[in-house]
Amino acid sequence: MTAAVLVGLVAVSSVQAFGVLNRNAAGNRIITNARVIVQRNIDTALAVTCGKSAIPAILATTPTAGTVYDDDGGAANIVTVVLAGTGGVQLVQGTLTRIVTSVTNTDAADIRQITFRLNYTFRARAYAYSLTTMRAIDD
Amino acid sequence: MTKMTYRRPLHAAFTLTEMMVALGVGVVVSLLAYAYLRTSTLLVAKNISMNLSNNDLRGSIDQMGDRVQGAVNVPVLINTAGAVTAAPSAGVYYDRLLGDPYIVTHPGGNGLTAAATSVTVTRSTDVYASPPIPQAGDVLVIDGAPTTLRPRVSSVTTFAAGANLQGITITLTAALGAVINWDSAQPKTSKLIRREALIVMPAGTRPQLRRYHSFETTTNLNDPATYAVISRAVGNQGAEVTPFSIVTAGLDRLLSIDFRVRTAAFDQVMMGKEINDFSSYMRVQGVVPSRQRPKN
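Protein chains in written order, with this note's numbering: chain A, 3 to 141; chain B, 70 to 365.
Think of the hints as simulated: they come from the structure by calculation, not from any bench.
Hints are not guaranteed to be accurate.
[Said to hold, decoys possible] Cβ-to-Cβ under 7 Å is the rule here; a few derived chain A residues that face chain B:
id, residue
1, 13
2, 17
3, 20
4, 24
5, 31
6, 34
7, 38
8, 45
9, 46
10, 49
11, 51
12, 58
[As the list claims (entries may be wrong)] Calculated Cβ distances over 12 Å to all of chain B for the following chain A residues:
id, residue
13, 54
14, 64
15, 80
16, 82
17, 106
18, 109
19, 113
20, 123
21, 130
Glycine is no exception: its CB is placed at the ideal position from the N, C-alpha and C atoms.
Please model the complete structure; the sequences and the hints are all you need to start from.
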């Protein structure tokens with residue numbers, strides 16, 4: 003009887019452990035997706051031409067709380083974090099926030115601090131991934 | 070004293086009812102064991118698939134970003150034969166910067182003639198700024214030369230370094246092909262590049278993402294000596310084999326990568342066991358700029 007109980011406990015706990023491993027793996031995997039979304043916007047912000055007379059939308063200053071930014075052309079103000087297989091089902095969606103603020107400096111140069119933050123929910127838990135960079139205008 | 074002994078009945082056996090009960094218990098225990106082992110196997114398969122997909126995708130995205138961000142031009146879309154094509158495409162080629170600057174030695178007269186088959190340059194050997202010694206297959210881009218000019222390195226002769234400088238005579242694979250004039254009193258700079266390519270090539274059950282080290286000199290795209298495999302698990306359905314396109318942001322053109330991996334691990338086990346192929350399938354959409362914002 004004792005042996006049977008022990009075998010049962012081992013079986014249940016090991017299955018639960020496998021479940022936890024899978025949940026962690028899925029969570030980490032979605033962070034990769036989030037990172038790519040934030041990274042592509044940071045890279046674009048750093049790479050686009052930006053002159054005094056033409057500030058691209060991605061580098062326009064925002065309130066300190068930021069504004070919602072949608073760069074994937076899908077549902078309005080929502081970015082797709084995890085797309086399923088060939089069906090195109092959106093498994094996880096998120097909200098991307100763009101924060102661009104001017105950086106005060108003694109040379110009065112136009113330097114901007116750029117932050118992209120992606121907020122999403124996975125398994126009823128809120129996650130956020132953000133990157134910050136700085137750049138000056140070209141002229 | 071008489072010793073009592075147990076005598077086995079001559080016809081000892083289980084009744085049919087006992088046998089049926091024992092058999093029933095055995096079946097239930099076996100089913101439980103089977104369910105447990107099956108669940109464990111599926112969970113292990115899902116976990117391994119998920120981690121393999123994630124690792125594959127992260128490695129691929131990182132490497133593609135690293136290579137393209139080191140390019141001095143906007144990547145050019147190509148197909149699996151290496152020919153220029155429209156978006157979306159299976160591959161791209163780009164000129165990766167290997168090092169600069171190299172100061173071109175004035176050969177006398179007005180400068181380099183179209184018939185010149187060698188160029189002498191000087192590089193810095195300072196530990197903080199030392200562009201590499203050119204290798205066969207590299208291309209020396211001389212500033213001010215026509216953009217179509219691609220003088221390729223055949224071999225080099227190096228001189229002894231001194232005062233953090235080293236002279237190098239570069240023998241070209243062919244005559245320069247165009248005159249490059251400049252005043253001998255002015256320095257003439259050049260940079261070293263190499264054309265690489267990233268192509269999703271068909272290869273068995275899963276296409277491979279390959280990086281060709283020297284695309285310009287590669288004649289057989291299926292020769293394993295000419296490429297390194299970045300991913301062996303690129304998706305094989307529909308547009309999954311054509312992940313590259315170009316997006317514009319104002320005047321700038323950036324490489325867009327819609328990359329999808331489908332790890333082949335546990336294909337049979339996972340078949341039909343999950344919704345949307347979640348564990349084995351992973352897709353990201355990235356944008357990668359080239360170095361120093363080239364326009365073409």
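Consistency of the hints with the structure:
1. 13: holds (5 Å)
2. 17: Where the cut-off is 7 Å and the nearest Cβ of chain B is about 6 Å from residue 17 of chain A, the hint holds.
3. 20: holds (4 Å)
4. 24: Since the shortest Cβ distance to chain B is 5 Å, the answer is holds.
5. 31: Holds. Min distance 5 Å.
6. 34: Holds, because the Cβ-Cβ distance from residue 34 of chain A to chain B comes to roughly 6 Å (cut-off 7 Å).
7. 38: holds (4 Å)
8. 45: holds (5 Å)
9. 46: This hint holds: residue 46 of chain A lies near chain B, its Cβ roughly 5 Å from the closest one there, short of 7 Å.
10. 49: Because about 3 Å separates residue 49 of chain A from the closest Cβ in chain B, which is inside the 7 Å limit, the hint holds.
11. 51: At about 5 Å, which falls below the 7 Å cut-off, the nearest Cβ of chain B leaves the hint on residue 51 of chain A intact, so it holds.
12. 58: holds (5 Å)
13. 54: Non-interface label stands for residue 54 of chain A: nearest chain B Cβ at 14 Å, farther than 12 Å.
14. 64: holds (18 Å)
15. 80: holds (14 Å)
16. 82: It is violated; residue 82 of chain A is separated from chain B by about 8 Å at its closest Cβ, not greater than 12 Å.
17. 106: holds (26 Å)
18. 109: holds (23 Å)
19. 113: holds (18 Å)
20. 123: holds (17 Å)
21. 130: At roughly 18 Å from the nearest Cβ of chain B, residue 130 of chain A sits farther out than 12 Å, so the non-interface label holds.
Hint check: a violation occurs at hint 16 only; the rest are consistent with the structure.
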